[in-house]
Amino acid sequence: MNRPLTSKDKATNTDWLTRFYQRLVHRQLSRIRHGCIYLHTTESAYQFGDSEADIKVTLTVYHPRFFRSLVQAGSIGVAESYMAGEWHCSDLTGLIRIMARNLDLSDAVEHGPARIAGWVLRAWHDRNRNNLRGSRKNIAAHYDLGNDLFSLFLDKDWMMYSSGLYLRNEDTLEQAQHQKLQRLCDKLDLQASDHLLEIGTGWGGCAIFAAKHYGCRVTTTTISQAQFDYVNARIKQAGLQNQVTVLMQDYRELTGEYDKLVSIEMVEAVGHHYLDDYFECCSALLATDGLAIIQAITIADHRYDQAVKSVDFIKRYIFPGSFIPSVCVLTESAAASRLRLINLEDIGPSYALTLAEWRHRFMSQLDTIRRQGYPDEFIRMWEFYLCYCEGGFAERTIGDVQLLFAKPDNRRSQWVA
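Residue numbers (the working numbering): 385 to 801.
Source of the hints: derived by calculation from the structure; they are not laboratory data. Hints are all accurate, no fakes.
Here are the simulated lysine to any residue pairs, SDA-like style, with alpha carbons at most 20 Å apart: (1) K596 / N626; (2) K693 / F703; (3) K440 / C473; (4) K440 / D488; (5) K693 / I683.
Label pairs and their calculated CB-CB ranges: (6) G623 / K693: 46 to 54 Å; (7) V692 / K620: 35 to 43 Å; (8) K693 / L728: 19 to 27 Å; (9) A429 / I726: 51 to 59 Å; (10) L529 / Q566: 26 to 34 Å; (11) H447 / A720: 44 to 52 Å; (12) H472 / D532: 25 to 33 Å.
Glycine included, C-beta positions come from ideal geometry on N, C-alpha and C.
From just these sequences and the hints, can you work out the full model?
Dropping the structure here:
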């Protein structure tokens with residue numbers, strides 16, 4: 385329902401095309417059935433949706449380009465308009481949650497003129513394939529932004545850039561990340577005699593945790609130069625040089641045999657073209673009785689094909705070359721490489737809490753971030769990114785799973801908490 389709440393008796397300087405775009409946006413928003421959006425422009429205020437809904441947000445438009453951006457470029461246009469400071473929302477995560485609850489509306493904004501922008505973006509995305517050269521370029525675009533930036537909002541103990549495991553709502557981020565790492569290692573039945581391979585080093589938290597708490601040898605690999613340098617210094621500081629080896633290699637270049645394997649939210653960077661290659665490599669690197677645990681962000685099976693063909697805000701601005709797999713796609717690809725699924729745990733609700741804490745810490749450090757040289761447009765992009773993901777996990781449109789796989793000679797039937 386489109387119901388004006390107030391009006392202003394003054395002339396408008398918006399041209400007919402802007403008014404046309406605004407009417408199109410109003411028509412789309414009138415389809416909201418879950419949640420409530422109060423839309424404020426320089427001239428009027430409108431209500432869309434149910435005023436008694438549990439999620440209500442106020443969206444204030446500062447510049448009429450917002451309407452054109454939404455119509456011509458869909459959700460990416462909305463994000464770009466936010467980055468430009470053309471609109472503000474009282475609860476950005478809440479707005480994302482409303483859109484997630486109204487998926488028919490979210491899908492509709494990608495049609496019409498926005499479909500043309502989608503074609504252009506898909507052509508751009510196809511150029512970011514994760515071959516050996518492309519993977520390094522895509523990873524550097526995000527992970528080499530600066531260790532100082534990530535240290536401002538990640539947990540202080542392990543610097544994990546992945547979902548923690550909240551066993552209680554009152555857990556701290558540090559507790560949640562410790563619990564996540566412990567859960568992963570326990571599922572692998574990690575022993576001091578094991579040689580653990582980690583694909584995707586991050587800032588070294590998992591490798592150091594496993595070496596310190598379980599006494600095993602760890603080989604971890606990254607293709608981010610910033611992370612490689614940081615983790616080597618961290619391992620030296622911890623006195624673990626004889627226990628942890630850091631490689632600067634693509635997973636496709638690895639050799640050897642390992643007892644256990646862990647890969648935490650790295651598979652999203654593989655790209656759907658190379659998913660089978662990824663699991664073939666994992667299987668080839670594992671002993672015949674080995675175990676592998678993969679933590680992965682996932683999308684619902686029935687939305688996977690559409691997601692692979694589209695380019696959203698994350699692919700465009702945050703993780704070029706990335707994709708979100710579905711559980712079915714992951715397990716089928718793993719099975720083709722003789723990896724048998726023996727346990728699956730969905731920790732998606734913990735990711736919403738993790739992201740909320742990252743966002744709180746990030747936004748509390750804006751002065752420091754600006755001093756590091758990051759402009760306001762970058763800050764708004766990151767705020768949108770963190771809210772975008774938090775809303776998706778809160779509404780369960782995306783999930784996060786831990787998948788435990790066994791090689792054929794491993795007789796372990798399941799993992800029990």
